[in-house]
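Going down the list, the protein sequences come from chains A and B.
Quick note on this note's numbering: the first sequence kicks off at 1 and runs consecutively.
Quick note on this note's numbering: the second sequence kicks off at 1001 and runs consecutively.
Accuracy of the hints is not assured; some may be wrong.
Derived coverage of chain B by chain A (criterion: at least 3 residues anywhere in the stretch with Cβ under 8 Å from a Cβ of chain A; other residues may be distant) [to be verified]:
(1) 1044-1057
(2) 1093-1105
(3) 1108-1121
(4) 1154-1161
Mimicking SDA-like on lysine to any residue, the simulated pairs with C-alpha atoms at most 25 Å apart in a straight line are [as the list claims (entries may be wrong)]:
(5) B:Lys1037 - A:Met38
(6) B:Lys1098 - A:Met38
(7) A:Lys113 - B:Gly1057
(8) A:Lys111 - B:Gly1057
(9) B:Lys1037 - A:Ala20
(10) A:Lys111 - B:Lys1098
(11) A:Lys113 - B:Pro1034
(12) A:Lys113 - B:Pro1079
Here's a subset of chain A near chain B, in silico, CB distances under 8 Å, partners left out [as the list claims (entries may be wrong)]:
(13) Leu23
(14) Ile231
(15) Thr235
(16) Gln483
For the record, the hints were derived by calculation from the structure and aren't laboratory data.
In this text, a Cβ means the ideal position worked out from N, Cα and C, and glycines have one as well.
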Amino acid sequence: MEKCLTTRIVGASVPRKEGADKLLGRACYVDDMEREGMWFGATVRSAIPRGIIRSIAFDRHIDWSEFTVVTARDIPGENHIHLIMTDQPCLADGKVNHCEEPILLLAHPDKHKLRKAVAAVHIEYELLPPVFSIEESERQDVIVWGADNLLKSYLLEKGDVDSAFSRAAHLVEGEYRTGPQEHLYIENQGIIAEYSAERGVTVWGSLQCPYYVFKSLRAVFDLPEEKVRVIQTETGGAFGGKEDFPSNVACHAALLAMKCGHPVKVVYDRIEDLAATTKRHPSRTRHRTALDKEGKLLAMEIDLATDGGAYATLSSTVLSRATLHASGPYLCPNVRIRSRSWATNNVPYGAFRGFGAPQAVFAMERHMDEIAAVLNMDPVELRRRNFLHEGDTNATEQLMREPVILDQLLDRALTESDYSARRRRFAQENSGSTIKRGMGISAFYHGSGFTGAGEVYLNSLAGVDVTHDGHVRVLVSNTEFGQGTNTILTQIAAEALGIEYSDAAMAAPDTGTVPNSGPTVASRTGMVVGRLIERAGLQLLALLREHAGLGASHTRDEFFAACARYRAAHGELVSLCRYEAPPDVHWDDEKYHGEAYGAYAWAVQVAQVAVDTVTYSAEVEEFWTVQEVGRVLHPILAAGQIEGGVAQGIGYALYEKVVMQDGRMANNQMTNYIMPTAEDVPPIHVYFEQIPFRYGGFGAKGIGELPHDGPAPAILNAIRDAIGIGFNSIPLLPEDLYAGLVSNQPAEEPVLP
Amino acid sequence: MNTARNVNGREHRSGGQATIHFTVNGRNRAVTVPPMKRLLDVLREDLHLTGTKEGCGEGECGSCSVRMNGELVNSCLVPVLQAEGAKILTVEGLAVGKHLHPLQEAFLNQGGAQCGICTPGMLMAAEQLLAQNPHPTMAEIREALAGNLCRCTGFMRIFESVVAAAAAESATQAKAPHLEKTHHAR
Ligand code: FES
Ligand code: FES
């Protein structure tokens, strides 16, 4: 272990930095804000999934002179949302590729007049044939994107898969599917924008990544850096749903502000938010696995496909993470993973906590239980025989240099859940009962930070400064949206500088103030940005020691006295650090080979599920999750991240169904898109093992996404344990259980050679 | 109340305004607004009490919860005319002076608030529960909070916050020392 665990502030559950404001109702979310003379904006959207816009007519019953109307023609710069590609228009120009695609914008001083006005814009289309599924898209009968509908593909190969299959004692195949999932942050999307010729564009809003919005605004308005400013307001949940989408809202609000000459607020209501914003990518994963007599993995062939929706958005990077998590935390000498993301005319899918990994882990971990059934082996034992260990390589042939303690995590999960005894007991009780109980398990890892050379390209800059009135500020563009960014980064700064937690604060999340320390995504904040803050703190101390007479050890008062001396002599006191990759990190983006991630967080989860064979409902009764996430910076926040992720994972498995009808979400209301409530979430038991990671902020690795990866397969594995039917598709609703139970067939036994 | 409704109903049909008198967080207030305006909007727009949040506008999420005459209501479903003469408590009325309300204290210490958007409504639902049932069981807590959605926490820490607040409130006048919760972290 590289680092001493004795810290004063890091590792302690200090009060959440902005906690009191949130509890007092004082925290200011975007819809709580007003600007002088503010108008309100609304979006006129496509009613069809694909077609040519033939005409746009404005109903005569409305006095349009009161409104500001913006179309694609009003865009001063590029008509696209700047992301990985530039295929997504800011406003549709002549054609539409999905339902709810924005076509036209309206602003009015009275927000209550907007709804009617939106309905009074009549658009006529010439319909083009749409594509709604992976299967339709890959058939390529109708091309809806590029030359071939293919948004992105990867091929990863390790060893010699084909010859390994010829030596196999067992061959197991399976196909697994996951549906879209809605983020359901409780605060809808919202932005306020202002425009003036001198200052350019300023936006405030609910968002994760100020510099993503910044880049989009620069492109749409063709403005230099100094004329675009993005400020994050308090953000009421995000989960990836406010990674890329706020760029759209911000560009729209800012276009309206420019044209009407007033600040404009655009806040979606729930119905619009559910219908028009991104969801988790649906997926289909086919596994073909070769094993030896002992149940050791010989070869894996994985074919993974996602539905990306109508534009490229983040589909390529989501697919990348899915690919890199598809073979699980297992040692397998021969692996071939082919993955493709297909364009359809669904609303574009986007980032959601886990970012492709939950889809891939669902398939892998369900498949492990199907393999165990074929081999007539305990699923626990099958996993144990194949776990990665320190010194092994995974599918990209990344050497596991850090300790890997999957066995320990598994043992603890089994002990804490009393797994074996419960399984035995349920096996006895089930036969005489209409309620059938089972225990299910999942094991997985999650790569922390951007993939491959991603962190190097991001080239993040972050640091701390000391203001003239003696406050330490953390300078990052990383944002708080519930996960605890403010708290952990100020903990790290205070710890590194030898001052108190209350001495450190976050600088306003404002691109006019803070450097670009990269987006707040990919479980990178604690590990990557935390490390930058730790380094910047140590660098600042070195500066004070050299130039302001700070002693080798210091009190808080001595620190601030030295800061005052430094400032008097030299002016500003700032310490910034740039990302430096850990040594020996090599990544081949062509071959998908090498160090895919700087570090992995590991977990084993256990679900106890009861299936009611009369009502066809499945209920998670208890849940255990054991993880190794490096150093735990804040035990309460960390446990809260895990519990929240597990609850979303339970929703993903059993509750949350996006009903798509002709490319439109049919159940776009909270009344009929159902997430788990206080009565549905079972007791969740959270356990951490801590192995500080030497290149993470005070030893931290990623934590935020990990917990969402495992619940769905653990739950469906528990259902298999309870009733002997292996379901391969989520969400699994009562009607699906019913279908499985009445057909009353045991799991389709996968093919044997 | 009836009179107010009739008068206001007529005025509403003619697109008029009505003056509604009520008590919000112990203060007498009067607003002149369209009588069918949602209580949520009156609180947020006319009284600038933006602590109460809108999550769905259709009575599903509970983030707009306030207490009205001792009952928990979704303020997005209440036309303000129904609040004539009512006593309303919002999140802004929980703390007394500089002291956090025991529920706020507990939510802060136990991690009951993450993004904070559900928190005002959650606090009101919890306050409603503890007012009627100072020592709720876990099942009663779950039931009482079932109308308030939280997407961040998975509810565990919210339940613990309510348990801690109940314990604190029933403790003696002497300020109960905050007991550090034991964690599984090691
Ligand atoms: S906003 Fe009132 S219940 Fe959701
Ligand atoms: S804390 Fe974010 S929704 Fe509850």
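Hint-by-hint comparison with the structure:
{"no.": "1", "hint": "1044-1057", "verdict": "holds (count 10)"}
{"no.": "2", "hint": "1093-1105", "verdict": "holds (count 4)"}
{"no.": "3", "hint": "1108-1121", "verdict": "holds (count 12)"}
{"no.": "4", "hint": "1154-1161", "verdict": "holds (count 6)"}
{"no.": "5", "hint": "B:Lys1037 - A:Met38", "verdict": "holds (20 Å)"}
{"no.": "6", "hint": "B:Lys1098 - A:Met38", "verdict": "violated (33 Å)"}
{"no.": "7", "hint": "A:Lys113 - B:Gly1057", "verdict": "holds (17 Å)"}
{"no.": "8", "hint": "A:Lys111 - B:Gly1057", "verdict": "holds (15 Å)"}
{"no.": "9", "hint": "B:Lys1037 - A:Ala20", "verdict": "violated (30 Å)"}
{"no.": "10", "hint": "A:Lys111 - B:Lys1098", "verdict": "violated (36 Å)"}
{"no.": "11", "hint": "A:Lys113 - B:Pro1034", "verdict": "holds (15 Å)"}
{"no.": "12", "hint": "A:Lys113 - B:Pro1079", "verdict": "holds (19 Å)"}
{"no.": "13", "hint": "Leu23", "verdict": "holds (4 Å)"}
{"no.": "14", "hint": "Ile231", "verdict": "violated (17 Å)"}
{"no.": "15", "hint": "Thr235", "verdict": "holds (7 Å)"}
{"no.": "16", "hint": "Gln483", "verdict": "holds (7 Å)"}
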